[in-house]
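A.B. asks: The chain contents come next:
There are 2 protein chains.
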Amino acid sequence: MSVTTPQGFRAAGVATGLKTGGALDVALVVNDGPDAGVAGVFTSNRVKAAPVLWSEQVVRGGVVRAVVLNSGGANACTGPAGFQDTHATAEHTAAALTTAAALTTAGADQVGAGEVAICSTGLIGERLPMDKLLPGVGTAVRELSRTGGAPAAEAIMTTDTRPKSTAVSGDGWTVGGMAKGAGMLAPAMATMLCVLTTDAVADWKTLDAALRAATRVTFDRLDSDGCMSTNDTVLLLASGASGIAPSQAELTTAVTAACHDLAQQLLADAEGATKQVAIEVVGAAGEDEAVEVGRAVARNNLVKTALFGNDPNWGRILAAVGTTAAEFEPDAVDVAVNGIWVCRSGAAAEDRSKVDLTGRDVTIRIDLHAGPVAATVWTNDLSHAYVHENSAYST
Amino acid sequence: MSVTTPQGFRAAGVATGLKTGGALDVALVVNDGPDAGVAGVFTSNRVKAAPVLWSEQVVRGGVVRAVVLNSGGANACTGPAGFQDTHATAEHTAAALTTAAALTTAGADQVGAGEVAICSTGLIGERLPMDKLLPGVGTAVRELSRTGGAPAAEAIMTTDTRPKSTAVSGDGWTVGGMAKGAGMLAPAMATMLCVLTTDAVADWKTLDAALRAATRVTFDRLDSDGCMSTNDTVLLLASGASGIAPSQAELTTAVTAACHDLAQQLLADAEGATKQVAIEVVGAAGEDEAVEVGRAVARNNLVKTALFGNDPNWGRILAAVGTTAAEFEPDAVDVAVNGIWVCRSGAAAEDRSKVDLTGRDVTIRIDLHAGPVAATVWTNDLSHAYVHENSAYST
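In order, the protein sequences belong to chains A and B. Numbering that gives the first Met the number 0 puts the first sequence at residues 0 to 394. Numbering that gives the first Met the number 0 puts the second sequence at residues 0 to 394.
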């Protein structure tokens, strides 16, 4: 149930002092091959962290043999010096893997810096302490193992309260994965750090198509707090170690299932949240419109605070829908909260007191009556704990 | 300092039982002429309350002799029956004004329902108790006076903690005004209820140009919580009673000053806020881009919670700027918080510990280095009190 579940991958998670209290803070995932295929999606934020700029180049190169991930610092908004830090980390990792007796990567007796992707997460705007990070990478190389997926998933946590891992089985091949992310969770792209691994045999094009199809309907529809990160990265590494080449559809289905599982784990652990909310938009004229409506509701602070207060305030939902450009008639919209149609044809319908909001799971269903398309966006409520956690985070 | 400061206006505020505890909840503003000019701007939310749909028609008619405003219910998402309630309120008001001995409107021995604008504010989705509202209008007609501006401003309060009124003097003429609004404060239009009055002589075109120019740089740039209302209405009534016709520029300047004063009063009284934040975007390529950047920062919950925590977290500001389509280079952006340039060229600069955020007023200055244009957007922080107030509002 981790990045080391598929054959051909080793991982490690070590404590280097980037985080206080001896917590694990550097993860390393190595692809031992025989293939070293990769696909990636990155934040669409125009202010991109140094490791995002670096890893975008690496993924374009088409070969990734290792991924280094650190918590305890985002290395974003750090200027040219921050980019040099990322570059140095990749070079250091490549050298350590090349010299390590542990290196077993088939077909590669040395690893190049351009084959090492880097991911960072933590506070924006501060340089990473390289005197801790680089020795930590060396330790991680020495600790690489086929059971290292669990400590790796732990090492990438920031405000996460628990690690997130997954595995999905194909017919003789597997997809594994880990992710982190509890705040700055909003899409338009991947919304956190995520490394997926597979021992399937697949070329770049197949991997890329599978990853883009998967993130479009999972991470891209997770909008916990409307705040897009500078560091979001989702990588899919393929070792080919199973020797089996699934079809595009089979691979896409498995990668989507892995992303969905991880996305739901992120939703469940979002900062301060007391509710996990599925906003199901149906009857839309198109998918983009359904997602636009779902996202407008997901980002509405008055809807989110109402849910925190166990208040099925459908008027606020309708007011949020009304800010979109989606096709609908205001007097044709129906809204159900946890199965009770509190709004029909844009006005009050069933008694709102029938709505039970005491549980953690909430489903808001919005029928636009404008077409045949449906899409779901996931979000959380806005709680005192969210305000507390994010007003105290960097101090 | 109210809607009755200009000559030719009377007003009243009465308690009808729409709100509990004997609070004032119905306001009436009457234009006694000789003119009955009007301009209006309304919410751009596609889910519009019945009184907005009604008043848009009335304003298009070009003559408004009275405005009825109620708190205690928004009459939004109430279907055809809700629209009939608004229509009935206008008819009842017109009849009461026509029969009242108090009617002194020059040139009009009777008032038509189509000359009565209606504004409502309060909970969305519930019908107004007409058995209380209509008798209340009758009481308000009897209580109309030249000093009724103060109780009228009080009667339109919802979660406002204090009434908002203003007056701006021209050369022999005056602009007065009142407004309400403490939540669901976000533009793309007027963002609350506001009635402005003037005794200047001005035709429809001049009034409309003055009001649109004024709201564009005041209410439309106030984004307290990112949530657009279904009921936002700003009306400008002109009595012509001063006999003086100012120039377009003079009238626009005075109306803008009145709107700015009221907008700042709204900002100061926003639900649960502990900070009033001016986001000054400079060096933009265009005004729309400057406003887009300011609004992206204003709506970012992580920026808002950081401000609540007295944390000059410029990384979150840059991450918010990065979500926009405005012209800028990420490594060229400077950010100052309360005068300290904590970010230069997209990276850390002056020591963030120098920033003093203990006061209520905060100024964030963002220099995009992309052009000559500047614009300011105003917002509030996101506090525990905001969450509390909005999680408990309708229950």
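Bear in mind the hints are in silico, worked out from the structure with no lab data behind them. Don't be surprised by glycine CBs; every beta carbon is placed ideally from N, CA and C. Just so you know, not all the hints are guaranteed correct.
When the alpha-carbon atoms are kept at most 27 Å apart in a straight line, the in silico DSS-like pairs for lysine-lysine are as follows [claimed, not checked]:
id : chain 1 : residue 1 : chain 2 : residue 2
1  : A       : Lys353    : A       : Lys274
2  : A       : Lys353    : B       : Lys353
3  : A       : Lys204    : A       : Lys18
4  : B       : Lys274    : B       : Lys353
5  : B       : Lys131    : B       : Lys18
6  : A       : Lys18     : B       : Lys353
One-sided excerpt, in silico: chain B residues whose CB lies under 7 Å from chain A [what the hints assert, rightly or not]:
id : residue
7  : Thr77
8  : Gly78
9  : Phe82
10 : Gln83
11 : Ile123
12 : Met227
13 : Thr229
14 : Asn300
15 : Phe307
16 : Gly314
17 : Leu317
18 : Ala318
19 : Thr322
20 : Gly345
21 : Val354
A.B. asks: Determine for every hint whether it applies to the structure shown.
C.D. replies: Now the hints, each set against the structure:
1. A:Lys353 to A:Lys274: With Cα atoms ~18 Å apart, A:Lys353 and A:Lys274 stay inside 27 Å; holds.
2. A:Lys353 to B:Lys353: violated, 53 Å
3. A:Lys204 to A:Lys18: violated, 38 Å
4. B:Lys274 to B:Lys353: holds, 18 Å
5. B:Lys131 to B:Lys18: With a Cα-Cα distance of about 10 Å, the restraint between B:Lys131 and B:Lys18 holds, given a limit of 27 Å.
6. A:Lys18 to B:Lys353: holds, 25 Å
7. Thr77: Hint on B:Thr77: holds, closest Cβ of chain A at ~6 Å, below 7 Å.
8. Gly78: holds, 4 Å
9. Phe82: Violated. Min distance 10 Å.
10. Gln83: violated, 12 Å
11. Ile123: This hint holds: B:Ile123 lies near chain A, its Cβ roughly 3 Å from the closest one there, short of 7 Å.
12. Met227: The hint holds - B:Met227 has a Cβ within 7 Å of chain A, the shortest such distance being about 5 Å.
13. Thr229: Result: holds, 5 Å to nearest chain A Cβ.
14. Asn300: holds, 5 Å
15. Phe307: holds, 5 Å
16. Gly314: holds, 3 Å
17. Leu317: Hint on B:Leu317: holds, closest Cβ of chain A at ~5 Å, below 7 Å.
18. Ala318: holds, 5 Å
19. Thr322: holds, 5 Å
20. Gly345: Where the cut-off is 7 Å and the nearest Cβ of chain A is about 6 Å from B:Gly345, the hint holds.
21. Val354: Hint violated; B:Val354 Cβ to chain A Cβ min 12 Å, cut 7 Å.
Hint check: violations occur at hints 2, 3, 9, 10, 21; the rest are consistent with the structure.
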